[in-house]
Amino acid sequence: QVQLKQSRTELKAPGASVTVSCQASGYRFTSVDINWVRQTTGQGLEWMGSVTPITGNTVTAQIFEGRVTMTRDTATSTAYMELTSLKLDDTAVYFCATCSGGSCYLGHWGQGTQVTVSS
Amino acid sequence: IQLTQSPSSLSASVGDSITITCRSSQNIATYVHWFQQKPGKAPQLLIHDTSSLQSGVPSRFSGGGYGTEFTLTIVNFQPDDFATYFCQHSYETPFSFGPGTTVDVK
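Chains as they are written, first to last, in our numbering: chain A, 1 to 119; chain B, 120 to 225.
Since the hints were derived computationally from the structure, they do not count as laboratory data. Bear in mind that the values here come from a model prediction, so they are computed numbers and not experimental data. We treat Cβ as the ideally placed atom computed from N, Cα and C, and that holds for glycine. Do not rely on the hints blindly, as some may be mistaken.
Stated by the list, open to error - Each computed EDC-like pair below joins lysine to aspartate or glutamate, with the alpha-carbon atoms no more than 20 Å apart: (1) K160(B) with E10(A); (2) K87(A) with E10(A); (3) K157(B) with E211(B); (4) K87(A) with E46(A); (5) K157(B) with D200(B); (6) K157(B) with E46(A); (7) K160(B) with E46(A); (8) K160(B) with D223(B); (9) K225(B) with D199(B).
Stated by the list, open to error - Covered stretches of chain B, as calculated for chain A (at least 3 residues, CB under 8 Å): (10) 121–133; (11) 166–180.
In isolation and in its complexed conformation, chain A is listed as follows (with noise of 0.2 Å):
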């Protein structure tokens, strides 16, 4: 069955960068993007961006551009997410779900990384 294992808990700084992993397993990694969530008290569930594990193209919402990375090695079945200059408000439980279906519904997802962001 499709399983998506994603990275553990993280604290950092205000300032620092953040690494969030995504290990998908049970289906062929490159035949579906990766998409990365957000969930936050306070803005609710926010799509961050999507990596086509195939060609490594991936899109950004807006909001985060510049300060995401999508990548992914496929050796590995795992995709990453970098969020850079963290700010107090970037705290939230990070997501990563499979796209599925020609309108990429999000079919599967990780169970999700705390990550804590605290002077």
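Add chain B to chain A, keeping to what the hints say.
Here is chain B on its own, set in the frame of chain A:
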């Protein structure tokens, strides 16, 4: 594209039927999907493309609508259904989510 949901919260009893509405700021055809989320867990897909039931989801869940107004209906509400429900569009990037509807015990 902005999505709104109504109500923001509602109370239900086992056996009830409930409907949650999601409205879009522009026409998004049928590119709407519904999720259920419980505390500490990832969202779980219930309905995709407005009305297609995701595999493994009970048939008491159904979705409808087109364009700018969409609904999620739960009939014969069960104890496992107390949760928060979100709509989401994938019409174009950036995708976005509604603010959620929390269903609690009446």
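Evaluation of the provided hints:
1. K160(B) with E10(A): Judged against 20 Å, a Cα distance of about 17 Å means the pair holds.
2. K87(A) with E10(A): holds (14 Å)
3. K157(B) with E211(B): violated (27 Å)
4. K87(A) with E46(A): Judged against 20 Å, a Cα distance of about 16 Å means the pair holds.
5. K157(B) with D200(B): Holds - the C-alpha atoms of D200(B) and K157(B) are around 9 Å apart, at most 20 Å.
6. K157(B) with E46(A): This hinted pair holds, its Cα atoms lying about 17 Å apart.
7. K160(B) with E46(A): holds (16 Å)
8. K160(B) with D223(B): Roughly 17 Å between the alpha carbons, so the hint for K160(B) and D223(B) holds.
9. K225(B) with D199(B): It holds: about 14 Å lies between the C-alpha atoms, which stays within 20 Å.
10. 121–133: With 0 residues close enough to chain A, the hint is violated.
11. 166–180: holds (count 3)
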